[in-house]
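Following the hints, complete the assembly by docking chains B and C onto the known chain A.
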Amino acid sequence: MSITPRIITLTTDFGLQDGYVAAMKGVILGMAPDVRLVDITHDVPAQDIMTAAFVLLRTYRSFPEGSVHLAVVDPGVGSARRAIALEHDGHTFIGPDNGLFSLVLSGQEPQAIATLDKPGLWRAPQPSTTFHGRDIFAPVAARLAMGLPLIDAGTETRELGRMSWALPISDHEGIRGWVVHVDRFGNCITNITRQELERLRERRDVKCYAGNTIVSHVVNTYSDVSEGEPAMLINSQELLEIAVNSGSAQRLLGLERGAPINILFTEDLIA
Amino acid sequence: MSITPRIITLTTDFGLQDGYVAAMKGVILGMAPDVRLVDITHDVPAQDIMTAAFVLLRTYRSFPEGSVHLAVVDPGVGSARRAIALEHDGHTFIGPDNGLFSLVLSGQEPQAIATLDKPGLWRAPQPSTTFHGRDIFAPVAARLAMGLPLIDAGTETRELGRMSWALPISDHEGIRGWVVHVDRFGNCITNITRQELERLRERRDVKCYAGNTIVSHVVNTYSDVSEGEPAMLINSQELLEIAVNSGSAQRLLGLERGAPINILFTEDLIA
Amino acid sequence: MSITPRIITLTTDFGLQDGYVAAMKGVILGMAPDVRLVDITHDVPAQDIMTAAFVLLRTYRSFPEGSVHLAVVDPGVGSARRAIALEHDGHTFIGPDNGLFSLVLSGQEPQAIATLDKPGLWRAPQPSTTFHGRDIFAPVAARLAMGLPLIDAGTETRELGRMSWALPISDHEGIRGWVVHVDRFGNCITNITRQELERLRERRDVKCYAGNTIVSHVVNTYSDVSEGEPAMLINSQELLEIAVNSGSAQRLLGLERGAPINILFTEDLIA
Numbered sequence: 001m002s003i004t005p006r007i008i009t010l011t012t013d014f015g016l017q018d019g020y021v022a023a024m025k026g027v028i029l030g031m032a033p034d035v036r037l038v039d040i041t042h043d044v045p046a047q048d049i050m051t052a053a054f055v056l057l058r059t060y061r062s063f064p065e066g067s068v069h070l071a072v073v074d075p076g077v078g079s080a081r082r083a084i085a086l087e088h089d090g091h092t093f094i095g096p097d098n099g100l101f102s103l104v105l106s107g108q109e110p111q112a113i114a115t116l117d118k119p120g121l122w123r124a125p126q127p128s129t130t131f132h133g134r135d136i137f138a139p140v141a142a143r144l145a146m147g148l149p150l151i152d153a154g155t156e157t158r159e160l161g162r163m164s165w166a167l168p169i170s171d172h173e174g175i176r177g178w179v180v181h182v183d184r185f186g187n188c189i190t191n192i193t194r195q196e197l198e199r200l201r202e203r204r205d206v207k208c209y210a211g212n213t214i215v216s217h218v219v220n221t222y223s224d225v226s227e228g229e230p231a232m233l234i235n236s237q238e239l240l241e242i243a244v245n246s247g248s249a250q251r252l253l254g255l256e257r258g259a260p261i262n263i264l265f266t267e268d269l270i271a
Numbered sequence: 272m273s274i275t276p277r278i279i280t281l282t283t284d285f286g287l288q289d290g291y292v293a294a295m296k297g298v299i300l301g302m303a304p305d306v307r308l309v310d311i312t313h314d315v316p317a318q319d320i321m322t323a324a325f326v327l328l329r330t331y332r333s334f335p336e337g338s339v340h341l342a343v344v345d346p347g348v349g350s351a352r353r354a355i356a357l358e359h360d361g362h363t364f365i366g367p368d369n370g371l372f373s374l375v376l377s378g379q380e381p382q383a384i385a386t387l388d389k390p391g392l393w394r395a396p397q398p399s400t401t402f403h404g405r406d407i408f409a410p411v412a413a414r415l416a417m418g419l420p421l422i423d424a425g426t427e428t429r430e431l432g433r434m435s436w437a438l439p440i441s442d443h444e445g446i447r448g449w450v451v452h453v454d455r456f457g458n459c460i461t462n463i464t465r466q467e468l469e470r471l472r473e474r475r476d477v478k479c480y481a482g483n484t485i486v487s488h489v490v491n492t493y494s495d496v497s498e499g500e501p502a503m504l505i506n507s508q509e510l511l512e513i514a515v516n517s518g519s520a521q522r523l524l525g526l527e528r529g530a531p532i533n534i535l536f537t538e539d540l541i542a
Numbered sequence: 543m544s545i546t547p548r549i550i551t552l553t554t555d556f557g558l559q560d561g562y563v564a565a566m567k568g569v570i571l572g573m574a575p576d577v578r579l580v581d582i583t584h585d586v587p588a589q590d591i592m593t594a595a596f597v598l599l600r601t602y603r604s605f606p607e608g609s610v611h612l613a614v615v616d617p618g619v620g621s622a623r624r625a626i627a628l629e630h631d632g633h634t635f636i637g638p639d640n641g642l643f644s645l646v647l648s649g650q651e652p653q654a655i656a657t658l659d660k661p662g663l664w665r666a667p668q669p670s671t672t673f674h675g676r677d678i679f680a681p682v683a684a685r686l687a688m689g690l691p692l693i694d695a696g697t698e699t700r701e702l703g704r705m706s707w708a709l710p711i712s713d714h715e716g717i718r719g720w721v722v723h724v725d726r727f728g729n730c731i732t733n734i735t736r737q738e739l740e741r742l743r744e745r746r747d748v749k750c751y752a753g754n755t756i757v758s759h760v761v762n763t764y765s766d767v768s769e770g771e772p773a774m775l776i777n778s779q780e781l782l783e784i785a786v787n788s789g790s791a792q793r794l795l796g797l798e799r800g801a802p803i804n805i806l807f808t809e810d811l812i813a
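Protein chains in written order, with the numbering used here: chain A, 1 to 271; chain B, 272 to 542; chain C, 543 to 813.
The hints are simulated quantities; they were obtained by calculation from the structure and are not laboratory data. Be aware that one or more of the hints could be misleading.
Far from chain A, by Cβ distances over 10 Å, these chain C residues were calculated [claimed, not checked]:
#, residue
1, Gly641
2, Ala654
3, Leu806
If you anchor each label on the Cβ, the simulated ranges turn out as follows [unchecked claim]:
#, chain 1, residue 1, chain 2, residue 2, range
4, B, Thr484, C, Ala666, 46 to 56 Å
5, B, Gln379, A, Gly147, 43 to 53 Å
6, B, Glu498, A, Gly147, 50 to 60 Å
7, C, Gly608, A, Glu65, 25 to 35 Å
C-beta: ideal position from N, C-alpha, C; glycine also.
Same shape as in the complex, but just chain A:
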């Protein structure tokens, strides 16, 4: 019988130039030599917890159940903030208790949460005060990936720090949302879900005020409009995205993270 090696994903704001990520991987492989390591990203802007939370949300479900997702964006390292691990939706998450997993949970209670308070499971009983990624999170993630039950990784708790996106504001006339992420292509992803949009829209046309432009096409894919043309589409995460075919919506429309997106339903019935 062969056992599928467990996967540990890594999400940090460490960047790749300083060797911090490699130090974590070295610790993990020293304890769990067969584990598969996959970088989600290490380019989270320094100390930007919500961007990390968003990238985790959009990514974790592509991994098989049983994966361990290690995330370290940790402005409070060395302070009293807790280190935690939790189980949710068949996956295990581990990192500082500062809201990193809020979007993954989207308001639900995790199946279980543990405060990581057992120094015997760490790299050394006295961890560095500035690098818990290497000294606490990496070794505990390795043990969880090797099969340590969550409950044995620390002390069970129900407490959890949370952060949340502002929710879109909507009424019968329209929806006011925000750009929550701008990707490498300049696509501007909003906090407006397909479900919300379709529920309120009924059979009406849609006009969208975004940056310096009014966008009126809702399309299925980028190339449904001409090159350089902006459009709305529902992206691979079921969120409304403002994009420009073969161009950058960020640059062409003057949008940034946090920019308001105003959707107006017009009375014209769609044929």
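Chains B and C only, in chain A's frame:
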């Protein structure tokens, strides 16, 4: 008997900050847990098919035969452009049919080509219209790496989209070529091959007009000229490269991708 | 009995956009299919040997003994500089003999050194003159990771190129050191060790002249001072670091690599 795990390489213009690459890896590892994943690059400039084609050309032969090379630079995602896989030179390539594999093929016919038109092999029968990397290419690459014959991945075809470099123009007097890639060190790689250069040169000296300079040294390695000195050399891919010892030819000579490189053969015989 | 796969780490100044790193990995996996590859960093500034040496120093000990650390920052590629491998502290290091491993050795003699002069172990007996990473270092690293004794990888030698940091200058009044690395967060790491600082300080207070500021807090972790406040702390490598809570010491204090850091011991006894 132990079976060597198959390798899947990944080449995209996704960058690493958004988690798109990790989503593809998660899908692959969910289906083919023992496959080895190697990033070629994810820093292809957005939608720059020819740069991706060039990096694939210079890299794929370093991998063992049987490797699967997954490439996604896909401005036409969701449009009518086909998804394909092909076999060539003992390797398998998979991606959109937009010319990405043209330089690898360098004018030859692949051994086999399949149009990836079997939704049963995809992540879900209804793929996202904006992320075929995750929903079509990753799962089919995983199946190919697990041994699925190319012919069963889709429908066999002979059609293939191609792009090509402008070829150098040459006569008895010289060669006019172009810079096709500038690497991280500012080395400027041209489309002039060692073979072409040696065939036409005979025993004559070479003068090369490149940017703001005339380069007259053909050397074997960077340090054969003094620091800061420009030179021509044949690089590790058998292509003529303009380089500066301990410096950047791009910056010092004012060269960019697309810049003309004019080689003149002088009548002086080499001793 | 299962054998733990050996680890090869990679540290280069190749960047990730050109496929050079992937070419090395392809060669390694073709020869050692089960080896684990871990990137330390490929973002060493071009030809900056000391930065690579520093990142190796801070990282290698996180990996299990027996790991092979391949480092290629190689301005002299193709020249007469030797290719070497060495054993030190239970780890194997391989790369050009230009001082890359000086900080790892910190003045000690390695257990064994070999000059890599056996073309039969290379990718081809005639390696490219510009890419020894792919043609010499990768294949020899693969063989070392597969168990080839160091002594069989080349010819034993005692010669080794070395570089060194300027050491801090100290007397009873204080210590004059330098910033040796600025990390992604703008933390400024100095060449002053905890041991040196504690030995000289005795029970006195400390004042630190760093850039445009005098720092007087020695703290255990970033959040021991208010946000935006600078502080001294001993980092995860036991080196004195100048940092700013939730900010960049580099930007706020105007520090760069090479900047002097002057520590003065004041006569006030600590309570």
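Tested hints:
A cut-off of 10 Å between C-beta atoms confirms that C:Gly641 is not in contact with chain A; the least separation is 18 Å. With a least CB separation of 23 Å from chain A, C:Ala654 remains clear of the 10 Å interface cut-off, as annotated. For C:Leu806, the condition that its CB be more than 10 Å from all CB atoms of chain A holds, with the nearest at approximately 24 Å. Look at B:Thr484 against C:Ala666: about 33 Å separates their beta carbons, and that is not inside 46 to 56 Å.
A hinted range of 43 to 53 Å for the beta carbons of B:Gln379 and A:Gly147 is consistent with their spacing of about 50 Å. Judged by the Cβ atoms, the range 50 to 60 Å given for B:Glu498 and A:Gly147 holds: they are separated by roughly 56 Å. Taking 25 to 35 Å as the suggested C-beta distance range, the pair C:Gly608 and A:Glu65 conforms, at roughly 33 Å.
Of the numbered hints stated above, the single one contradicted by the structure is hint 4.
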